[in-house]
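**Student:** Spelled out, the chains give:
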Amino acid sequence: MSMDAIHYGVGRWLHILSGMMWVGLLYYFNFVQVEALRRAAADTPPTNAGIMRHVVPRALAYFRYAALATVAMGFWLLADRAPDVLLFRVRAYIPIGIGAWLGLIMFFNVWVLIWPNQKKVLGLVAASDDEKARARRVAFLASRTNTMLSIPMLFFMVGSGGMFRASLF
Amino acid sequence: MKNPLDSLWGTVIAGLVLTAVLYLLARSAMGG
Chain U
1 MSMDAIHYGV
11 GRWLHILSGM
21 MWVGLLYYFN
31 FVQVEALRRA
41 AADTPPTNAG
51 IMRHVVPRAL
61 AYFRYAALAT
71 VAMGFWLLAD
81 RAPDVLLFRV
91 RAYIPIGIGA
101 WLGLIMFFNV
111 WVLIWPNQKK
121 VLGLVAASDD
131 EKARARRVAF
141 LASRTNTMLS
151 IPMLFFMVGS
161 GGMFRASLF
Chain W
170 MKNPLDSLWG
180 TVIAGLVLTA
190 VLYLLARSAM
200 GG
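Taken in order, these protein sequences are the chains called U and W. Under our numbering, the first residue of the first sequence is numbered 1, with each subsequent residue one higher. Under our numbering, the first residue of the second sequence is numbered 170, with each subsequent residue one higher.
Source of the hints: derived by calculation from the structure; they are not laboratory data. Every value quoted in this text rests on a predicted model; they were computed, and no experiment measured them. It is possible that part of the hints are untrue.
No more than 27 Å apart at the CA atoms, straight line, and that leaves these computed lysine-lysine pairs for DSSO-like [to be verified]:
#1 LYS171(W) x LYS120(U)
#2 LYS171(W) x LYS132(U)
#3 LYS120(U) x LYS132(U)
#4 LYS119(U) x LYS132(U)
Computed, partial: chain W to chain U, Cβ under 7 Å [as the list claims (entries may be wrong)]:
#5 SER176
#6 ILE182
#7 ALA183
#8 GLY184
#9 LEU187
#10 THR188
#11 LEU191
#12 ALA195
#13 ALA198
#14 MET199
In this text, a Cβ means the ideal position worked out from N, Cα and C, and glycines have one as well.
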């Protein structure tokens, strides 16, 4: 197997595999967990404690490390073309550049906005009730922003090899 | 005004609109 086959074959496979875990868990949080936790907290007595204790930390761990793996594999794929892609120096790279920037914004949201605020919500770091309420809102909005950004991100990731090409397949 | 990200449909529609806007921008930047 040639080095190119490993780079683009195995690299793309691992990039998409980790990306599926990342965005899959993102969709789980947004389409399933937020509403489920709201309903569980409204039960009498509340039934959300088990989810918060056993599900959320585990899901968040796979979520943030899948994000890290996705970005790492993405940079491996771009390799020495990363500056041309990220600085939009080459016209043909514009679609993948847009996809890469959307992915990087999402990665920033995961590690800088979602995870530090979720640590307060989960009680892994000390926080007052007010700080927890604010942290919950920031993490929620960052997560919803990522759900929104995932739609064009995937379009441009797929489009760079699809509808932006002169000939399909 | 209500934040569209507070609703799932608002989030999905905002994502689709952003996709369309970025697509037009990309096509224009690539020379149509």
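**Student:** Hint by hint, note whether the structure agrees.
**Tutor:** Comparing the hints with the structure gives:
Annotation: proposed proximity of LYS171(W) to LYS120(U) holds, straight-line Cα distance about 26 Å (limit 27 Å). Taking the CA atoms of LYS171(W) and LYS132(U), the gap is about 22 Å. The hint holds against a cut of 27 Å. Between LYS120(U) and LYS132(U) the alpha-carbon distance is near 6 Å, which keeps this suggested pair within the 27 Å criterion. Taking the CA atoms of LYS119(U) and LYS132(U), the gap is near 9 Å; set against the 27 Å cutoff, the hint holds.
About 9 Å separates the beta-carbon of SER176(W) from the nearest beta-carbon of chain U, more than 7 Å, and the hint is not met. At about 9 Å, the closest approach between the beta carbon of ILE182(W) and any beta carbon in chain U exceeds 7 Å, and the interface hint on this residue is violated. Interface hint status for ALA183(W): upheld, as the beta-carbon distance to the closest one in chain U is roughly 5 Å, under 7 Å. With its C-beta approaching chain U no nearer than about 3 Å, GLY184(W) sits inside the 7 Å limit, and its interface hint holds.
The beta carbon of LEU187(W) is positioned within 7 Å of a beta carbon in chain U (closest approach about 5 Å), and the interface hint is therefore held. A cut of 7 Å between beta carbons decides the hint on THR188(W): the least distance to chain U is about 4 Å, and the hint holds. Taking 7 Å as the C-beta contact cut-off toward chain U, the hint placing LEU191(W) at the interface holds, the least distance being around 5 Å. Interface hint at ALA195(W): satisfied, since its Cβ lies 5 Å from the closest Cβ of chain U, which is below the 7 Å cut-off.
A least Cβ separation of about 5 Å between ALA198(W) and chain U falls short of the 7 Å threshold, and the interface hint therefore holds. Here the hint on MET199(W) is kept, as its CB sits about 5 Å from the closest CB of chain U, short of 7 Å.
Hints 5, 6 from the list above are not met by this structure, while the remaining hints are.
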